[in-house]
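A.B. asks: The primary structure of each chain is shown beneath.
Number of protein chains: 2
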Amino acid sequence: MPTIRDIARQSGYSVSTVSRVLNHQKYVSKPAQQAVEKVIKALDYVPNSLARDLSFGQNKNIGVVLPHNDHPYFNQLLNGIMDAAFTSGYHIVLLPSEYNQTVELDYLEQLKRKNFSALIFTSHGLPLSVLAQYAQYGQIVCCEDTGDYHLSAVYSNREPAYLAAFKHLATLKVRQIAILLSRNLEQSPTSSAIMAAYQQVFHHKPAEKLVIGGMTSFNDGYQAAKTLHARQSDIDCFFTNGDDIATGVRQYYLDQGLTSPLLFGQENQLSSFLLQFPTIDHHFFTVGQKAFEVALSTEHQKFSFESELIVPK
Amino acid sequence: MPTIRDIARQSGYSVSTVSRVLNHQKYVSKPAQQAVEKVIKALDYVPNSLARDLSFGQNKNIGVVLPHNDHPYFNQLLNGIMDAAFTSGYHIVLLPSEYNQTVELDYLEQLKRKNFSALIFTSHGLPLSVLAQYAQYGQIVCCEDTGDYHLSAVYSNREPAYLAAFKHLATLKVRQIAILLSRNLEQSPTSSAIMAAYQQVFHHKPAEKLVIGGMTSFNDGYQAAKTLHARQSDIDCFFTNGDDIATGVRQYYLDQGLTSPLLFGQENQLSSFLLQFPTIDHHFFTVGQKAFEVALSTEHQKFSFESELIVPK
DNA sequence: ATGAAAGCGCTAACAT
DNA sequence: ATGTTAGCGCTTTCAT
Chain A
1 MPTIRDIARQ SGYSVSTVSR VLNHQKYVSK PAQQAVEKVI KALDYVPNSL ARDLSFGQNK
61 NIGVVLPHND HPYFNQLLNG IMDAAFTSGY HIVLLPSEYN QTVELDYLEQ LKRKNFSALI
121 FTSHGLPLSV LAQYAQYGQI VCCEDTGDYH LSAVYSNREP AYLAAFKHLA TLKVRQIAIL
181 LSRNLEQSPT SSAIMAAYQQ VFHHKPAEKL VIGGMTSFND GYQAAKTLHA RQSDIDCFFT
241 NGDDIATGVR QYYLDQGLTS PLLFGQENQL SSFLLQFPTI DHHFFTVGQK AFEVALSTEH
301 QKFSFESELI VPK
Chain B
1 MPTIRDIARQ SGYSVSTVSR VLNHQKYVSK PAQQAVEKVI KALDYVPNSL ARDLSFGQNK
61 NIGVVLPHND HPYFNQLLNG IMDAAFTSGY HIVLLPSEYN QTVELDYLEQ LKRKNFSALI
121 FTSHGLPLSV LAQYAQYGQI VCCEDTGDYH LSAVYSNREP AYLAAFKHLA TLKVRQIAIL
181 LSRNLEQSPT SSAIMAAYQQ VFHHKPAEKL VIGGMTSFND GYQAAKTLHA RQSDIDCFFT
241 NGDDIATGVR QYYLDQGLTS PLLFGQENQL SSFLLQFPTI DHHFFTVGQK AFEVALSTEH
301 QKFSFESELI VPK
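Protein chains in written order, with the UniProt record's numbering: chain A, 1 to 313; chain B, 1 to 313.
If you are wondering where the hints come from, they were derived from the structure by calculation, not from laboratory data.
Identical chains share a label here; the pair holds if one copy fits it or two copies do between them.
27 Å max Cα-Cα, derived BS3-like pairs, lysine-lysine:
hint: 1; residue 1: Lys41; residue 2: Lys26
hint: 2; residue 1: Lys209; residue 2: Lys173
hint: 3; residue 1: Lys313; residue 2: Lys173
hint: 4; residue 1: Lys112; residue 2: Lys60
hint: 5; residue 1: Lys112; residue 2: Lys38
hint: 6; residue 1: Lys209; residue 2: Lys167
hint: 7; residue 1: Lys41; residue 2: Lys112
hint: 8; residue 1: Lys313; residue 2: Lys226
Based on the sequences and whatever the hints tell you, model everything.
C.D. replies: What follows is the structure, encoded as structure tokens:
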């Protein structure tokens with residue numbers, strides 16, 4: 001592989017002139033430019049990215065930490081991020097965490113080593129205080145409210161929509177509400193927000209035996225319906241963490257020859273539209289786009305979008 | 001940020017000794033090692049990845065070119081790739097192509113620039129002959145049969161399963177078969193394989209007006225059913241490119257109060273299991289895992305797995 | 001076991 | 001407008 005020095009030698013110009021040509025800078029005469037470009041073409045030369053990155057002090061890779069599961073939350077977020085990255089010249093590096101703190105810490109160390117110029121956490125097991133310690137080494141964007149921590153945040157403000165959702169259900173005189181969550185009960189801010197909204201509307205906590213976590217798919221919804229229906233047969237509503245999960249619930253009831261309880265989805269996927277049940281759109285695609293944008297900036301920023309309650313007429 | 005030279009200076013040892021400590025090499029005395037490690041800890045030093053990569057001549061990034069759409073094919077493949085990459089020390093870089101040849105060419109150029117140490121093409125718009133020209137710059141793995149080209153290949157051998165599928169349908173005395181494809185008709189080897197298998201079984205080509213491409217979702221299936229049913233009302237079977245797409249077809253018929261035609265899926269997703277229609281499992285997760293493995297190797301290799309016909313009893 | 005020094009290939013400040 | 005050269009931070013021969 002020829003280097004910039006080979007081009008310099010063979011063109012009769014210096015390394016810096018070649019560099020100028022490569023980077024389309026000013027102060028290169030037409031003849032110089034042409035001579036250099038001719039040799040470049042002749043030797044089939046391309047500049048080495050590794051050398052460039054070292055010289056520049058950073059590369060153009062943005063790491064995206066995600067638990068590596070298939071929940072639509074991550075898909076939509078990732079699609080938004082990729083969409084924004086597409087024309088930016090930056091690359092998205094997938095960093096699966098499996099919610100493992102050791103792994104997450106390793107990614108933070110890599111940020112410090114300049115293996116990435118920024119990091120986006122779509123979720124994290126590590127406490128925010130730890131993430132904050134690494135913000136000095138590069139932009140760190142969290143897809144949740146980071147409170148007072150010196151960490152950028154781009155997220156969806158869910159509380160109002162959850163509140164509106166439960167008020168809507170209260171209107172419908174629903175009595176026994178099952179709640180399906182993504183992760184295990186207390187772990188995530190999202191779960192807390194749901195529980196808080198529920199309590200605010202109904203003035204009591206959700207029955208523990210009607211709450212299940214770990215839902216990521218249609219099938220999970222199906223199984224959860226089975227389990228919960230066995231526990232309590234008069235459930236008249238399922239508040240779920242995804243339209244497809246709600247659809248799984250419905251399928252179970254239909255397969256049993258029962259009428260489906262009231263369904264409530266999230267993510268505004270196709271199924272809630274087709275089956276005409278209410279859902280919440282958290283605008284994750286938009287969040288992803290913005291998260292990427294912030295990742296490129298050098299300042300700490302906080303943005304929130306409003307989750308949107310969608311009720312079919 | 002301290003550099004290796006700072007560590008050398010402050011520890012009283014040379015740069016090379018520090019380097020040896022960092023890389024756990026032989027020929028470092030206990031006292032030297034301890035002295036160096038102490039300073040490393042004191043200065044909170046970590047080696048710079050960019051410098052390492054330049055010195056080593058390559059980085060640990062594997063680019064994965066994919067069209068950036070949501071078809072389960074790419075998800076499953078990507079999941080397999082990520083699964084294999086997880087413990088490897090290598091990173092997966094997402095390279096959306098939108099089937100754009102210019103974009104794909106740019107990724108190949110980046111391979112040449114050593115921005116990636118290998119490239120996996122889950123799909124490509126560029127001809128194989130062009131890809132082959134870049135194989136000299138790094139391992140290139142295609143997820144399809146690459147014939148005689150000097151390109152690694154890891155893919156699923158679909159023909160036999162397609163043949164078996166149509167034979168199965170012939171057994172059922174199906175007459176009017178609609179065919180739903182991923183991309184537009186002639187573009188992909190997959191489409192050709194389907195058409196060839198069809199013709200071999202039924203001794204004539206599929207009716208052109210019963211073939212539609214561009215299917216990626218439930219909704220696409222729904223719309224396609226609508227369109228095709230309007231064109232011809234006696235379709236008695238839909239051979240689709242995905243279980244969820246087949247499910248969309250079914251939904252349309254049900255919504256019209258009609259009985260669903262026979263469905264045939266692909267990808268062996270949950271829906272074919274729940275609704276008990278036949279499907280084909282192309283084992284993309286496994287293909288992805290293997291593709292990654294080959295990406296790390298320096299030799300050109302070809303692997304194929306057998307697609308599997310799955311018929312519920 | 002340890003160190004000196006020559007790369008790796010490019011950028012950019014400085015000089016002319 | 002063009003050239004010289006000192007980095008960028010690490011790895012790796014080659015001496016000692």
